[in-house]
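When you get a sec, could you build the whole thing from the sequences and use the hints?
One letter stands for each residue in the lines below.
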Amino acid sequence: MARDTTQLAVLGAGPGGYAAAFYAADLGMQVTLVDEEKNPGGVCLYRGCIPSKALLHVAKVMDEARHASAWGVSFGEPKVDLNKLRAFKQSVVDKLTGGVGQVARMRKVKFIQGRATLAGPKSMKIAGAGGDTELQFEHCILATGSSPTRVPSLALDSPRIMDSTSGLELPDVPKSLLVVGGGYIGLELGTVYATLGSKVSVVEMTAGLLPGADRDLVSVLQKRLETLFSKIMLNTKVVKVAEEKNGIRVTFEPGGPDDRRGGPSGPPSDELFDRVLIAVGRRPNSKIPGLETTGVKVDAKGFIETDGQRRTAEPTIFAIGDVAGEPMLAHKASHEARVAVEAIQGHRAVFEPLAIPAVVFTDPEIAWTGLTEAQAQAEGLDIEVAKFPWAAIGRAITIDRPDGLTKLVLDKKTGRILGVGIAGSGAGELIAEGTLAIEMGVTAEDLKMTIHPHPTLSETLMESAEVFFGQSTHVYKPKRK
Amino acid sequence: MQEFKVPELGENVSQGDVAKILVKVGDTIAREQPVLELETDKATIEVPSSVAGVVKDIRVKQGDKVQVGSVILTVDENGAGAGAPKAAEQAKQGEPAKPAREQEPQPEQRPDQKVVSMPRPPSPAPQASARQGQPEAPRAGGLAAPKPTSEARAGGPAALKLTPEARAEAGPAAPASPSVRRLAREIGVDVNEVHGSGPDGRISQEDVKEHARRILSSVSTTLTRGSGEPATSVPLPDFEKWGPIERQPMSNIRRKTAEHLSHAWTTIPHVTQFAKADITPMEELRAKFRKQVEEAGGNLTVTAVLVKVLAAAVKPFPQFNASLDAGNNAIIYKKYVNVGVAVDTEYGLLVPVIRNADQKNITQIAVEMHQLSEKARAKKLSLDEMSGGGISISNLGGIGGTYFTPIVNWPEVAILGVSRGIVEPVWRAEKFEPRQLLPLSLSYDHRVIDGADAMRFLRWVVEAIEQPFLLSLLG
Numbered sequence: 001m002a003r004d005t006t007q008l009a010v011l012g013a014g015p016g017g018y019a020a021a022f023y024a025a026d027l028g029m030q031v032t033l034v035d036e037e038k039n040p041g042g043v044c045l046y047r048g049c050i051p052s053k054a055l056l057h058v059a060k061v062m063d064e065a066r067h068a069s070a071w072g073v074s075f076g077e078p079k080v081d082l083n084k085l086r087a088f089k090q091s092v093v094d095k096l097t098g099g100v101g102q103v104a105r106m107r108k109v110k111f112i113q114g115r116a117t118l119a120g121p122k123s124m125k126i127a128g129a130g131g132d133t134e135l136q137f138e139h140c141i142l143a144t145g146s147s148p149t150r151v152p153s154l155a156l157d158s159p160r161i162m163d164s165t166s167g168l169e170l171p172d173v174p175k176s177l178l179v180v181g182g183g184y185i186g187l188e189l190g191t192v193y194a195t196l197g198s199k200v201s202v203v204e205m206t207a208g209l210l211p212g213a214d215r216d217l218v219s220v221l222q223k224r225l226e227t228l229f230s231k232i233m234l235n236t237k238v239v240k241v242a243e244e245k246n247g248i249r250v251t252f253e254p255g256g257p258d259d260r261r262g263g264p265s266g267p268p269s270d271e272l273f274d275r276v277l278i279a280v281g282r283r284p285n286s287k288i289p290g291l292e293t294t295g296v297k298v299d300a301k302g303f304i305e306t307d308g309q310r311r312t313a314e315p316t317i318f319a320i321g322d323v324a325g326e327p328m329l330a331h332k333a334s335h336e337a338r339v340a341v342e343a344i345q346g347h348r349a350v351f352e353p354l355a356i357p358a359v360v361f362t363d364p365e366i367a368w369t370g371l372t373e374a375q376a377q378a379e380g381l382d383i384e385v386a387k388f389p390w391a392a393i394g395r396a397i398t399i400d401r402p403d404g405l406t407k408l409v410l411d412k413k414t415g416r417i418l419g420v421g422i423a424g425s426g427a428g429e430l431i432a433e434g435t436l437a438i439e440m441g442v443t444a445e446d447l448k449m450t451i452h453p454h455p456t457l458s459e460t461l462m463e464s465a466e467v468f469f470g471q472s473t474h475v476y477k478p479k480r481k
Numbered sequence: 001m002q003e004f005k006v007p008e009l010g011e012n013v014s015q016g017d018v019a020k021i022l023v024k025v026g027d028t029i030a031r032e033q034p035v036l037e038l039e040t041d042k043a044t045i046e047v048p049s050s051v052a053g054v055v056k057d058i059r060v061k062q063g064d065k066v067q068v069g070s071v072i073l074t075v076d077e078n079g080a081g082a083g084a085p086k087a088a089e090q091a092k093q094g095e096p097a098k099p100a101r102e103q104e105p106q107p108e109q110r111p112d113q114k115v116v117s118m119p120r121p122p123s124p125a126p127q128a129s130a131r132q133g134q135p136e137a138p139r140a141g142g143l144a145a146p147k148p149t150s151e152a153r154a155g156g157p158a159a160l161k162l163t164p165e166a167r168a169e170a171g172p173a174a175p176a177s178p179s180v181r182r183l184a185r186e187i188g189v190d191v192n193e194v195h196g197s198g199p200d201g202r203i204s205q206e207d208v209k210e211h212a213r214r215i216l217s218s219v220s221t222t223l224t225r226g227s228g229e230p231a232t233s234v235p236l237p238d239f240e241k242w243g244p245i246e247r248q249p250m251s252n253i254r255r256k257t258a259e260h261l262s263h264a265w266t267t268i269p270h271v272t273q274f275a276k277a278d279i280t281p282m283e284e285l286r287a288k289f290r291k292q293v294e295e296a297g298g299n300l301t302v303t304a305v306l307v308k309v310l311a312a313a314v315k316p317f318p319q320f321n322a323s324l325d326a327g328n329n330a331i332i333y334k335k336y337v338n339v340g341v342a343v344d345t346e347y348g349l350l351v352p353v354i355r356n357a358d359q360k361n362i363t364q365i366a367v368e369m370h371q372l373s374e375k376a377r378a379k380k381l382s383l384d385e386m387s388g389g390g391i392s393i394s395n396l397g398g399i400g401g402t403y404f405t406p407i408v409n410w411p412e413v414a415i416l417g418v419s420r421g422i423v424e425p426v427w428r429a430e431k432f433e434p435r436q437l438l439p440l441s442l443s444y445d446h447r448v449i450d451g452a453d454a455m456r457f458l459r460w461v462v463e464a465i466e467q468p469f470l471l472s473l474l475g
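In the order they appear, the protein sequences are chains C and L. End of the first sequence = 481 in my numbering, gap-free, step of one. End of the second sequence = 475 in my numbering, gap-free, step of one.
Hints are not guaranteed to be accurate.
[Stated by the list, open to error] Calculated cross-link-like contacts (lysine-lysine; reagent style DSBU-like; alpha-carbon spacing at most 35 Å):
1. K375/L with K61/L
2. K24/L with K387/C
3. K412/C with K209/L
4. K122/C with K241/L
5. K95/C with K125/C
6. K24/L with K412/C
7. K79/C with K199/C
8. K387/C with K61/L
9. K360/L with K379/L
10. K335/L with K291/L
11. K412/C with K56/L
12. K412/C with K61/L
13. K287/C with K241/L
14. K125/C with K241/L
15. K380/L with K65/L
16. K287/C with K122/C
17. K241/L with K301/C
18. K65/L with K412/C
19. K60/C with K95/C
20. K301/C with K65/L
21. K387/C with K56/L
22. K387/C with K65/L
23. K301/C with K61/L
24. K65/L with K297/C
25. K241/L with K297/C
26. K209/L with K65/L
27. K412/C with K20/L
Hints are computed from structural coordinates only; laboratory data are not their basis. Being a predicted model, the structure only gives us computed values, none of them experimental.
Right, dumping it as structure tokens:
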């Protein structure tokens, strides 16, 4: 067995792990990065954010091409070559993971492909492709990510049952697809399949899609999804799945946890689907082999417990990203990576963002950052909400997408921006300005007085700030008169 | 509609926790009626209303942290009958709104801002909450600002689980950019304490540095933080390794005591000197006049007599009723005699002050002490009643012990510790006699007081105790 030593070992090479490894290397540390894949990238690059966005881009182009007939341009029905589409998606993944691998080499980060087992607070054994290694480290960052949640009652050993990983493989375009779970993963993949031609149904146990997002934003999306999907079943539970010759028979029971009547509120029904996609959430990968040989503690939800610096109960070991807690988002992981590395370097770094943006890449997109209106109300804060409907902005009309809404959650007294929510085409690109505004302590007045380019969708942020003062150029508010 | 805001609470107190709300929406309240109990760093105080009317809206809830100037409730003064016009008038002149904002140069070009406040003449005394140089700028939103920075809002359904070690106490997020927050963290400044000089109290890097400079110059030697722990504290061991433990947050009073005492201990070069006073004659007199004082409503305690003795003793020894202004190389002598008396309560140590003790007789002092200690035990002492002391007494005699080394109650320069009087054989006129002796411990600030003077002072005190006539003769 080969023996090796390193200053920093990073376990897991997703956007948290590789960001930590690269930053540590940039600060002059000797770094070893361990992952089971051939290259760094993790779920995000291999089977998450990146491949799904490649497919969603294709879906959006198809949708626009279809819609173009309304503008007097007709392309005819699209022909989809699934092999080529898969190859495009794969090329995106290969390009990015290969690129990250190359950047790792340029930084002299030692990348080991293998499976690690921790052996106490200062060492691990790696069963690698090129033999076993015993690695001694001064510090370790656990960035092992998360995996799709498995629901035992829906577990069925059938290729017709997919999770997000197999769903992204795009095995075929099923005639009918049931998406279990109305969260962002289910809606994004559902959008891809529906655009490619599947009859998509979504079933969600709670009363609404995208729990956690403000309802006014969700309703913008839901209107469009109701035409794209064949059915959206809310307050509905899946009680049984059974494989039949021609598909999966799914039994539904109305009445979810949000249903006031409590208990099943109607008789069960069933329906046959070609395929079923389970997207009910993700679970932290905290069952790391050998974790019990360290002092690291795992909480009841399976997250590794850390302090504000992302240090675990074992002083030499840190944890970041999905395995260290909600929200399970790549950009949160990358930010935590920097905090943990700085903490290891002895800085007084703390993870204390004022806002973490979240983006749902459906069409229209939904994005929010900072405080949501619902959270503010739940906490009884003295806020004011300023909303600007996209139907009043030139750019939205020129792209024929007036279905959008930009809103600001503001401190009533000071006008400070506490949260931003956007639903609409390209919302994910617009939300960054909101996050910067919150981090910088910007007030509605600052935003209002900042010139925004015309004609762009970013003007909706400026105009929302104007709405706060009752002076929006394009929204007439009689209350001022 | 009238707003009632948190008034000035006392020296160095700019905020408190709402302990109890004493009125509810719909109540008709009068001026001076207590509407709120606030737990400040020093005590729980009842906040009397300065407005009258029918309560329309209560803007705070139990457990909220409120700053001086934040709105507690609004009343409809029209519902208040006769009291109304007065209240309205008072609000016109004295509204302590947006304290820091008014202090800052208000750019004229803000006609569009809803919350614009026209420059007003300075507020009249009791409500003047805007103090120059005090970090009272309304944090973005004061009460309404986002909750702990540690719980960043995120897209995810569940809140972020986080226990940042650098920020023990969560508060509203300070209006500072990430780089400014980092700078503050790196140099050990709590960014929430920094006064922002920018628009709406926004904090710049320069503000953080200025704040740090101020801390360093005001606390001459040691930088303290939290509960008086030095900034470079060594991490605690994991006590659970050796058995079960229980972790309890410090109460405000405990925290303030810890901060205050470590400040006193680290800044004052302490010396403690000891003496015994023969209190046999005094005890006879105490027994003789006890009833009389009781009838007046006080207890003729040893402490009451000692307050009088100290009040007299600082006349010939003015350096014992002084404070050191180290930054300006000056000693401040006080022309008034206020004596602090440490009171042990179940909430912690409190030090009410007997004002102008030199002008009061022992009966008056005894009555006042009785009232103050009752208030202290009921947590009803006002901050005013606990400030302005010139010298203090700490009497542990009720509990026992011989000597101890009390810590000077900074910014005072001396404190007299009193232990239990015991009967001892004393050689008097060729034979041992049983005499009751009172152990005294005098701690003092050696920067202001020389050892010989301290001994003379203590001799003076002992003689005054042993021969009560001296009090009238010299005091």
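A quick look at each hint next to the structure:
1. Only pairs whose Cα atoms come within 35 Å are accepted, and K375/L paired with K61/L is accepted, the gap being roughly 25 Å.
2. With a CA separation close to 34 Å, the supplied pair K24/L and K387/C stays within the 35 Å bound.
3. For a cut-off of 35 Å, the pair hint linking K412/C to K209/L stands: about 30 Å separates their Cα positions.
4. A C-alpha spacing of about 21 Å is found between K122/C and K241/L, which places the hinted pair at or below 35 Å, so the restraint holds.
5. Restraint check: the Cα-Cα separation between K95/C and K125/C comes to about 30 Å, which is no more than 35 Å; the hinted pair holds.
6. Distance hint between K24/L and K412/C is fulfilled; the C-alpha atoms sit about 23 Å from each other, no more than 35 Å.
7. Pair hint K79/C plus K199/C holds up; C-alpha atoms about 17 Å apart against a cutoff of 35 Å.
8. The hinted pair formed by K387/C and K61/L meets the criterion: a straight-line CA distance of about 29 Å does not exceed 35 Å.
9. For the hint pairing K360/L with K379/L, the CA-to-CA distance comes to about 25 Å; that is within 35 Å, so the pair holds.
10. Proposed proximity of K335/L and K291/L is supported: the alpha carbons are some 34 Å apart, at most 35 Å.
11. Distance check on the hinted pair: K412/C and K56/L sit about 19 Å apart at the alpha-carbon level, within 35 Å; holds.
12. Annotation: proposed proximity of K412/C to K61/L holds, straight-line Cα distance about 18 Å (limit 35 Å).
13. Our distance criterion of 35 Å between C-alpha atoms is met by K287/C and K241/L, whose separation comes to about 25 Å.
14. Note on K125/C and K241/L: the hinted pairing holds, with a Cα-Cα distance of about 28 Å set against a maximum of 35 Å.
15. Taking the CA atoms of K380/L and K65/L, the gap is near 19 Å; set against the 35 Å cutoff, the hint holds.
16. The suggested pairing of K287/C with K122/C holds, with an alpha-carbon distance near 18 Å, which does not exceed 35 Å.
17. Between the alpha carbons of K241/L and K301/C the distance comes to roughly 25 Å, so the proposed pair stays at or under 35 Å and holds.
18. Simply put, K65/L and K412/C have alpha-carbon atoms about 18 Å apart, close enough for the 35 Å limit, and the pair holds.
19. Between K60/C and K95/C the CA atoms are separated by roughly 22 Å; this keeps the pair inside 35 Å, and the hint holds.
20. Straight-line distance between C-alpha atoms of K301/C and K65/L comes to about 32 Å, which keeps the hinted pair within the 35 Å bound.
21. For a cut-off of 35 Å, the pair hint linking K387/C to K56/L stands: about 28 Å separates their Cα positions.
22. Simply put, K387/C and K65/L have alpha-carbon atoms about 30 Å apart, close enough for the 35 Å limit, and the pair holds.
23. For the suggested pair K301/C and K61/L, the alpha carbons sit about 32 Å apart, so the restraint of at most 35 Å is met.
24. For a cut-off of 35 Å, the pair hint linking K65/L to K297/C stands: about 33 Å separates their Cα positions.
25. Between K241/L and K297/C the CA atoms are separated by roughly 15 Å; this keeps the pair inside 35 Å, and the hint holds.
26. Restraint check for K209/L and K65/L: satisfied, since their Cα atoms lie roughly 26 Å apart, inside the 35 Å limit.
27. Of the pairs offered as hints, the one joining K412/C and K20/L holds, with about 25 Å between alpha carbons and a cut-off of 35 Å not exceeded.
In this structure, none of the earlier numbered hints is contradicted; all agree with it.
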